[in-house]
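J.: The lines below spell out each chain.
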Amino acid sequence: MFIDFFLQLKEAAIPVSVREYLVFLEALDRRVIESDAEGFYYLARTALVKDERFLDPFDQVFAHYFKGAEKSVLLNIGEIPEEWLKSGLDRMFTDDEMAEIEAMGGFEALMEAFQQRWQDQDGEHHGGNKWIGTGGTSPFGSGGANPEGIRIGNEGPRRRRAVKVWEQRNYKSLSSDVTLNTRNIKMAMKRLRVFTREGAEDELDLDETIRRVGWTGIMLDIAMRPTRRNRVKVLLFLDIGGSMDPHVRRCEQLFSSAKNEFKHLEVFYFHNCIYEAVWQEAHRWEGKVKTFDILHKYNSDYRVIIVGDASMSPYEVLQVGGSVDHFNDEPGITWLTRIKEAYPHLVWLNPEPEEQWKYTDSIQIIRQLIEGRMHPLTLDGLGTAMDSLRKKYKSHGMILHH
Amino acid sequence: MKFEGTDQYIATKDLQVAVNAAITLERPLLVKGEPGTGKTMLAHEVAKALDLPIITWHVKSTSTAQQGLYEYDAVSRLRDSQLGDERVKDLGNYIIPGKMWDAFTADGKLVLLIDEIDKADIEFPNDLLLELDRMEFYVYETKKTIKAERRPIVLITSNNEKELPDAFLRRCFFHYIRFPDEETMKQIVDVHYPGLHEELLKEALNIFFQFREVQGLKKKPSTSELIDWIKLLLAENIPSDYLAKVDLSKELPPMYGALLKNEQDVHAFERLRFMQRRF
Numbered sequence: 031m032f033i034d035f036f037l038q039l040k041e042a043a044i045p046v047s048v049r050e051y052l053v054f055l056e057a058l059d060r061r062v063i064e065s066d067a068e069g070f071y072y073l074a075r076t077a078l079v080k081d082e083r084f085l086d087p088f089d090q091v092f093a094h095y096f097k098g099a100e101k102s103v104l105l106n107i108g109e110i111p112e113e114w115l116k117s118g119l120d121r122m123f124t125d126d127e128m129a130e131i132e133a134m135g136g137f138e139a140l141m142e143a144f145q146q147r148w149q150d151q152d153g154e155h156h157g158g159n160k161w162i163g164t165g166g167t168s169p170f171g172s173g174g175a176n177p178e179g180i181r182i183g184n185e186g187p188r189r190r191r192a193v194k195v196w197e198q199r200n201y202k203s204l205s206s207d208v209t210l211n212t213r214n215i216k217m218a219m220k221r222l223r224v225f226t227r228e229g230a231e232d233e234l235d236l237d238e239t240i241r242r243v244g245w246t247g248i249m250l251d252i253a254m255r256p257t258r259r260n261r262v263k264v265l266l267f268l269d270i271g272g273s274m275d276p277h278v279r280r281c282e283q284l285f286s287s288a289k290n291e292f293k294h295l296e297v298f299y300f301h302n303c304i305y306e307a308v309w310q311e312a313h314r315w316e317g318k319v320k321t322f323d324i325l326h327k328y329n330s331d332y333r334v335i336i337v338g339d340a341s342m343s344p345y346e347v348l349q350v351g352g353s354v355d356h357f358n359d360e361p362g363i364t365w366l367t368r369i370k371e372a373y374p375h376l377v378w379l380n381p382e383p384e385e386q387w388k389y390t391d392s393i394q395i396i397r398q399l400i401e402g403r404m405h406p407l408t409l410d411g412l413g414t415a416m417d418s419l420r421k422k423y424k425s426h427g428m429i430l431h432h
Numbered sequence: 285m286k287f288e289g290t291d292q293y294i295a296t297k298d299l300q301v302a303v304n305a306a307i308t309l310e311r312p313l314l315v316k317g318e319p320g321t322g323k324t325m326l327a328h329e330v331a332k333a334l335d336l337p338i339i340t341w342h343v344k345s346t347s348t349a350q351q352g353l354y355e356y357d358a359v360s361r362l363r364d365s366q367l368g369d370e371r372v373k374d375l376g377n378y379i380i381p382g383k384m385w386d387a388f389t390a391d392g393k394l395v396l397l398i399d400e401i402d403k404a405d406i407e408f409p410n411d412l413l414l415e416l417d418r419m420e421f422y423v424y425e426t427k428k429t430i431k432a433e434r435r436p437i438v439l440i441t442s443n444n445e446k447e448l449p450d451a452f453l454r455r456c457f458f459h460y461i462r463f464p465d466e467e468t469m470k471q472i473v474d475v476h477y478p479g480l481h482e483e484l485l486k487e488a489l490n491i492f493f494q495f496r497e498v499q500g501l502k503k504k505p506s507t508s509e510l511i512d513w514i515k516l517l518l519a520e521n522i523p524s525d526y527l528a529k530v531d532l533s534k535e536l537p538p539m540y541g542a543l544l545k546n547e548q549d550v551h552a553f554e555r556l557r558f559m560q561r562r563f
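Top to bottom, those sequences are chains A and B. Counted the way our numbering counts, the first sequence spans residues 31 to 432. Counted the way our numbering counts, the second sequence spans residues 285 to 563.
The following block holds chain B by itself, in its conformation from the complex (with noise of 0.2 Å):
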């Protein structure tokens, strides 16, 4: 099994070797990089291009790491015992199983996303360590051990809000999404719009390079925000002479709202051409 890219991603060598290691020693692999950099869409390319499926746990500020082994509903089964229901009698069935649950135990070897790990509590790694490490849980109530038969591929995103601990670390494979280089983001768009006319795409980087040079901005602009932002640029069919003429310095390109997000942006923008102009 080995992952070399899609059609639809661009992987570089080095992620390459990264999921392939990943994927060889049956490790986690730890995704950074900056937002939009395509670290949750990696998961499930590389579920598309070894064609597994994917189970995906999107982490919340608020979730725990038990939530995604299991969950015992203690409610169900009182309200149940009042009905005299006979599931009752198997507490079985109220042991809801969460996303490590499914994954340990599907039939196949699968990919299993833990999306944006950071987001929860500065213990929740730590709970999942020797979850991770041995694919395998104990389930208390029901005195039973959750093993899994075939390893899944996990993959697992971070956004650095939040520092992992040394021993998480430890146990990853770990690569980080470097903001992709001029003839790196030539391909990516090529896959997405195929055909693209080439002095389009020259003006369209260039003005979307300058942009990430900006200084103070809250949200660089990055991979799918260009992607969008073509799409729009194409939609509204702009023609790239059009962009050609556009100066920076005096004005802001056509649609710049899918590469700027916020307002602050915008005027962080404009105090640069207003500084540009006088000086």
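Isolated chain A, as found in the complex (with noise of 0.2 Å):
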């Protein structure tokens, strides 16, 4: 029925699936709404879009695909029937104007016209004396003058709508904020999980029950243990510095997803490499931090996180006041190796494709120096990249329970 319109939101991107449709067009069919325009909007809405990033562009869609075509909605919806139209005036009338239409020959003969006119009518009519349409004075259409007018659709008091609610685009502003689509980064990042058991005992041991009871014979002692959780501790260094712009898009997303993946998450951010000291606020430049601050705070279980391009010039990691924006006492690779040794979990994803690193000297000088850990910023060098901070964690055998 309305698989054109249905078609035009899947063409803008609105994630709409067969199933959706289906319960639209059940909807419809059990009368959820009366069929007004606003109703039949909402209900599209309700039945069709699922986040608040789409209403936007749905409204859009809406507006274009049904413009003016209010009328063929309302026809679609099947014909009217009769019902509908005689409960509706009871709402749309009033005892005098219900009068009224009495003095122009009764509700039979205005339905009458009504369908004749319906039937005439060719196109879309604002305003004039005749013609099914909006704000004019013929007894046909929305927001008119015409005390024996039938409205069609838009419901609540005349005039008080300039514009329709979809036409009013409400959720702009959602439709820009930066709610990405970062559930398949965070299912990748659910690899990193350290489970460990800690609090309070609220967990059947079986294992040790059954060791408990072989020993004592007869008696059941039972053994309680505390429930696994999430434990995993992570630092995460972005790079922020110009020549990573072009890859704002995937680091907030990965940022954001890891915001919520990770309970016990340290973010810090420098400009090209990690120097002696590094930001905690992105857009400011503020909370300096001194790199050995951190070194000396967060224990070695702590897994580390370098995202950046790691493209510069080899000055920059190699020499003593090599960096760009101040004297640094010390070379970038050596704050990174400190870094390495603090941490054996460590891993650097690179936005840049992996293809093109052997281009670069600067990539080569520090993949080398973190023994090959660096990883594509790709769902697939994700989940590698989370896989091996998992896999250090093991085979320096710490305490992990499984």
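Everything labelled a hint here was simulated from the structure, so no lab data went into it. Keep in mind it's a predicted model, so treat the numbers as computed, not measured. Keep in mind that a hint or two might mislead.
[Claimed, not checked] Rough simulated footprint, nothing fancy, chain A against chain B, three-plus residues with beta-carbon under 8 Å:
# : segment
1 : 304-312
2 : 361-375
3 : 453-466
A virtual CB, placed ideally from N, CA and C, is assigned to each residue, including glycine.
Since each chain comes alone in its own frame, lean on the hints to assemble the complex.
T.: See below:
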């Protein structure tokens, strides 16, 4: 029935599925709304849009598709059943007005004229005094001044709404909000979960119970243990130097996912390479923290994720005073080495395409330094990076209970 | 069964359509929106308006889908077995029904509120797909299927902390509660404080909407904050002409603690005032 509309929604990259479309038709069929245009819009919206980001694109498609087509919408819902026209009349007219309708020849006559005119009409009409449309004195249409008129759609006091609800674009600000699709990134990050048992003992430890019962022979001795919880701790270093600008979106996605996924997450920002200080605030270069303080404060079971393109002049990595924006007493490589040594679990995520890494000297230097633990900032790369962060943990044989 | 708001709750028309679609088609309704716009309250009001009981399942970060269905208390059973309790023989004695079980097996129709579904693990909604779709689940321990005789009206709220999976979204109707405009806000205040002095309301709303304009607030004051604030204003008997004289560029309004909930926001506000004074 509204297949074109459905396809246009798809075209506008609004994720609608056939299933939702069918639900929408079912809802129409079961008369969730009375046949008014506004209700139709609300119903389409609640059935087809599942995320506030898509409300604004939806409004636009809706406005485009149904521009002036309210008439056909109403007809398409089915032949206009007499009951709703009648019941609708009660709501639309006061007693006085009903009396005036009688004066015009009564309801039947009005309806006949309505249908006649509906068929004759070939386009949209606003103003004027005969055709069905808006704002006129014809008995048929919306927002008009004829007391004998039939209002089509558009509930509520007349002349109150100049613009259709879907034309107001109330959700414009929501679509530009950074609520990016990060679910798949979070799923990849899920691989980096380190479960430990801490806190209240609230779970039956079956193995231990069996062991104890075996030991005592008859007496049942129940052993409890705390539930496994994800206790992974992460230090995230993000490069926000100028060359990272093209990758901002992906980094934002990564950042917002990490924020949700890791309970213990510390985020620091740096410019091209890590030197003696990093920042806690991305935008204002505020909250300067000494790198040494970080090394001292967070112990070695923190996992380190560095995100950066590692593309810079080799001097910035290797030379004293090589930094582009300040004089560094020690070369970047010294600092990177310190971090590497303090944290055995470290990966570098590089948003540059992997094929291009070999053409950049600084990438080569850093890759070598961190023993090849550089992964591309793609879903796959993220997955392998998370796996490698876990594996290291195992090979070092630290607190690991499974 | 139609929901049209209650005398305590102003439901805009789009919200009514969404709720009624969920009621008629017996599918869950997912409600999102800024904090304090009455997402949770909606479920209670729907229950009240339709005169149905309500079951609330508050989801926490440690909640699992299984907890909503049922839990098998093996520990009690082991303990009882040691004491020779007769109950041990029936495993059913140790199955503890969860909120979904309660909702499915209730006598009549009811409202089931799954509150803050985004708080739980990212897999949580996926684990409930089938249960919400067919409104039934299988109990492995007793080999029985629990099926809803009358599908409950399911309302789900989310604060957008985590994104919900597409498969889950496809099964729900969706409504985003927009922040009320001034007209709706007046109606909302009116149901809470009928007969509130016109002037006081006007001045309070004026200050309130100015507060919301302030950039960089961590938590913008919302409907529930406004209601609380007006309550305080009334309790302290603050006259409307006093509010009218409040110049936000010089001072904070009385009882501002109800509107600004944390220190950073008070600072943000003061910084802004400082800037305004300078220019």
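J.: A separate judgement is required for each hint: does it hold in the structure or not?
T.: Right, here's what the structure says about each hint:
1. 304-312: holds (count 5)
2. 361-375: holds (count 4)
3. 453-466: holds (count 8)
Every hint, counting from the list given before, is met by this structure.
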